[in-house]
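Protein chains in written order, with our numbering: chain U, 1 to 151; chain G, 1 to 145.
To be clear, the hints were calculated from the coordinates, so they are not data collected in a lab.
C-beta: ideal position from N, C-alpha, C; glycine also.
Check before you lean on any hint, since a few could be wrong.
[As the list claims (entries may be wrong)] Listed below are several chain G residues computed to face chain U (Cβ distance under 7 Å; list not exhaustive):
#1 A26
#2 G36
#3 T107
[Said to hold, decoys possible] Covered stretches of chain U, going by a simulated chain G footprint (3 or more residues, C-beta under 8 Å):
#4 15-28
#5 41-49
#6 54-68
#7 89-102
#8 132-140
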Amino acid sequence: MEMAATEFTPWASLGGGVLIGLSAVMVMGLFGRIAGIAGITNGFLGAVVPMSGAPRDRDWRVAFLIGLIAAPLVLMLGGGTVEQTVPDNLARMALAGLLVGVGTALGSGCTSGHGVCGLARLSRRSLVAVLTFMAAGFATVYILRHVLGVS
Amino acid sequence: MRIALGLLSGLVFGLGLVISGMSNPAKVLNFLDLAGTWDPSLAFVMGGASVTAFIGYRLVWRRPAPALDARFDLPATTRIDRPLIAGAVLFGIGWGLGGFCPGPAWTALPLLAPGTLVFLPAMLAGLWIGARGKTLTILNPKGAQ
Chain U
1 MEMAATEFTP WASLGGGVLI GLSAVMVMGL FGRIAGIAGI TNGFLGAVVP MSGAPRDRDW
61 RVAFLIGLIA APLVLMLGGG TVEQTVPDNL ARMALAGLLV GVGTALGSGC TSGHGVCGLA
121 RLSRRSLVAV LTFMAAGFAT VYILRHVLGV S
Chain G
1 MRIALGLLSG LVFGLGLVIS GMSNPAKVLN FLDLAGTWDP SLAFVMGGAS VTAFIGYRLV
61 WRRPAPALDA RFDLPATTRI DRPLIAGAVL FGIGWGLGGF CPGPAWTALP LLAPGTLVFL
121 PAMLAGLWIG ARGKTLTILN PKGAQ
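Bound-form chain U, shown alone (with noise of 0.2 Å):
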């Protein structure tokens, strides 16, 4: 599959980032945790499958979850489109997604909780975490892309 550029849209991607924030602010306002989608999920999957470490407030993990997968189909009954071009190599897609796993698990955070929260929080852990799977994420682009001519 070919992978287009994609059009520049600081406005809507800072309004989106502001969201996001605010997201993670009602949760540590209301429920006192980080918002890290890897710890909101790991409170579903100690629900589902034995799992040592998992939270025990798992209440409000699993309505946050509803939510975050109601949120492209409640924009789309509020007549927005959602724009979304996802790789079609599923052998790819199913290491990726091992991989982002296996890392979040590991490193005790992904994007958002050590991205959003812990640089919100002006933690030097998630500073680093952050640093270094950002310089993961542009090596392997730019290995899978300008090395092996992948798309």
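Following the hints, put chain G in place on chain U, whose structure we already have.
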């Protein structure tokens, strides 16, 4: 109340992901493609989100406790250790391969793209495996955690 407001928080987060373009892997992969079709939009997502959270956290931390729970419960670990670095490297490689991180993978679910339907279960399996592997002595020589 916890359920309703948890749901609302998730909805706001998801709308943010979709509106910002973060839920579109094509946009994420272009953000990571500095040497090619670079799209800097996602820097604005990260900036908008962390600045909003930085200000908002300081406002809510003025209260003695969160509204619907007994206390604030923040990550206490400050160590920069091997699992953190190894995890972030693996995460970054997966992010660069698929263009998805955990939040966007969930918001992509109802659109039912084949790539999403493969990525999401693989990610859940990875989270589960990773939680078990975290106790491995290679990654954690002192047996902490």
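Results for each hint:
1. A26: Hint on A26/G: holds, closest Cβ of chain U at ~4 Å, below 7 Å.
2. G36: holds (6 Å)
3. T107: holds (5 Å)
4. 15-28: holds (count 14)
5. 41-49: holds (count 4)
6. 54-68: As far as the segment 54-68 of chain U goes, the hint holds, because 12 residues have Cβ atoms under 8 Å from chain G.
7. 89-102: holds (count 13)
8. 132-140: holds (count 9)
Hint compliance for this structure: no hint is broken.
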